[in-house]
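Knowing the structure of chain D, use the given hints to seat chain A on it.
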Amino acid sequence: MKQNYFMWILAGVVITMIILVIALIIFGVNLLVNSLKPISINTPAPIVNEQPVIISKTVSKFATDAGVLKLREDINKLRSDIDSVDIFEPQLSPPNIDLNIAITPAD
Amino acid sequence: MMKYFLALLLIFFSVTPAFADYNSAYNDYTFNSQKYRSSYNEYQIAKSTYSTYKTLTSKVDAVKKLKTVLQNRNKVMSSYYDLLQEKLLATPGIPEDSKNTFFKMKESEKVWMAEHEKKIDAAGSLEDLDLASADFEGRYPQMASETKQAVNMVLLAKESALSSRWDILANDVSSKLKEISATGENTALSERDVVSARNKKELAQAKITAALKADLFETQQRLTEANQYLREGLNYLSEIIKNITG
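Chains D and A supply the protein sequences, listed in that same order.
Just so we're aligned, residue 88 is where the first sequence starts under this note's numbering, counting upward by one.
Just so we're aligned, residue -9 is where the second sequence starts under this note's numbering, counting upward by one.
No wet-lab data here; the hints were simulated from the structure.
Treat the hints with care, since some could be wrong.
Unchecked claim - The calculated label-pair distances, taken between Cβ atoms and stated as ranges, are:
id	chain 1	residue 1	chain 2	residue 2	range
1	A	S41	D	P177	35 to 43 Å
2	D	E176	A	G174	47 to 55 Å
3	D	D173	A	A172	37 to 45 Å
4	D	P192	A	A134	40 to 48 Å
Claimed, not checked - Computed list of lysine-lysine pairs in DSS-like fashion (alpha-carbon distance at most 30 Å, straight line):
id	chain 1	residue 1	chain 2	residue 2
5	A	K168	D	K157
6	D	K164	A	K168
7	D	K164	A	K197
8	A	K232	D	K148
9	D	K164	A	K148
10	A	K57	A	K108
Stated by the list, open to error - Away from chain A, derived, C-beta distances all over 12 Å, residues of chain D:
id	residue
11	N117
12	S147
13	N183
14	A189
Heads up, the beta-carbon is just placed ideally off N, CA and C, and yes, glycines get one too.
Chain D extracted, bound-state conformation:
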């Protein structure tokens, strides 16, 4: 009796697994088929400009001047040095000493 019961459960599990595998295969095949289909894009009608817009940017003739570039570099260097200068010099702080060192003799 018990053995029959166990056999029925085992059969149920096996059948369920088979159904799941078949479902996964079908799903995977559908996914593959859909990915191979060509995607259609609706292309809009081309826009024709009757008057072309020309954008021009004037580049300064000093943009690449060596003297100007050097000045920019020097400004940045000086700024960096000002930012990093140590105004407090903690190593030079005066020593912490007691000026009132004394032992009063007992009477």
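Chain A in isolation, oriented as in the chain D frame:
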């Protein structure tokens, strides 16, 4: 090839001693400070023990510990003077006569401390040591003033170096603007920025001048403010370069 290598080595070793001397002086100063703190703690214990028990043993120990702490206090000050001397030597832009003035002051204090050391060594009682300690206390305001001057010199030299570079840069920018103006370009806006930059520089200079006569804390505050004005002036110069390059 060997000649060039030896020349390079010579240059290298002639530059590094300045930093090595300062680092060595700083290590000495740190060492003496630690010794002083340690002997100070022992003096405190001995003082407390003596005032509690008033025995001969505790008195002898108190004399010994008091002597040690007074000697170590002298050594701390002596090594502090040495540290400041090395810093003055290692800091560019300090006038020679200012350095020499400090060196003379240092030598004078060293002579005083040597005599004071003899007084401490010769002292055999608490009363004598208390007197010796009071001598140091009386001398200290002079030492404090001299050492603060030396630190101020270092800070001001660093600030002056930055200020000089700023002036050179502003002059170079002005020259470049004149050159650009000569080509027919309109530089009116940039020239106004130069004026604004120089105004900031004047404010920085006023702070530097105020720092000359200030104590250490105030010097640091004034120089911090001066640096802020220098930065603001640099922002104007930077803006000019952006306008030039487009």
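These are the hints, each one checked on the structure:
1. At roughly 36 Å, the beta-carbon separation of S41 of chain A and P177 of chain D lies within the given 35 to 43 Å, and the hint holds.
2. Between E176 of chain D and G174 of chain A the C-beta distance comes to about 50 Å, which sits within the given range of 47 to 55 Å.
3. Against the hinted window of 37 to 45 Å, the Cβ-Cβ separation of D173 of chain D and A172 of chain A comes to about 42 Å, which satisfies the hint.
4. Range check, P192 of chain D to A134 of chain A: about 29 Å between beta-carbon atoms, so the 40 to 48 Å window is missed.
5. Of the pairs offered as hints, the one joining K168 of chain A and K157 of chain D holds, with about 17 Å between alpha carbons and a cut-off of 30 Å not exceeded.
6. Note on K164 of chain D and K168 of chain A: the hinted pairing holds, with a Cα-Cα distance of about 23 Å set against a maximum of 30 Å.
7. Among the hinted pairs, K164 of chain D with K197 of chain A is consistent with the structure: their alpha-carbon atoms are about 23 Å apart, no more than 30 Å.
8. With a C-alpha separation of about 13 Å, the suggested pair K232 of chain A and K148 of chain D falls inside the 30 Å cut-off, and the hint holds.
9. With a C-alpha separation of about 15 Å, the suggested pair K164 of chain D and K148 of chain A falls inside the 30 Å cut-off, and the hint holds.
10. Taking the CA atoms of K57 of chain A and K108 of chain A, the gap is near 11 Å; set against the 30 Å cutoff, the hint holds.
11. The beta carbon of N117 of chain D sits about 60 Å from the closest Cβ of chain A, which is more than 12 Å, so the claim that it is off the interface holds.
12. The beta carbon of S147 of chain D sits about 3 Å from the closest Cβ of chain A, which is not more than 12 Å, so the claim that it is off the interface is violated.
13. Look at N183 of chain D: its CB is around 8 Å from the nearest CB on chain A, not clear of 12 Å, so calling it non-interface is violated.
14. Against the 12 Å criterion, A189 of chain D falls within the reach of chain A, whose nearest CB is about 4 Å from its own CB.
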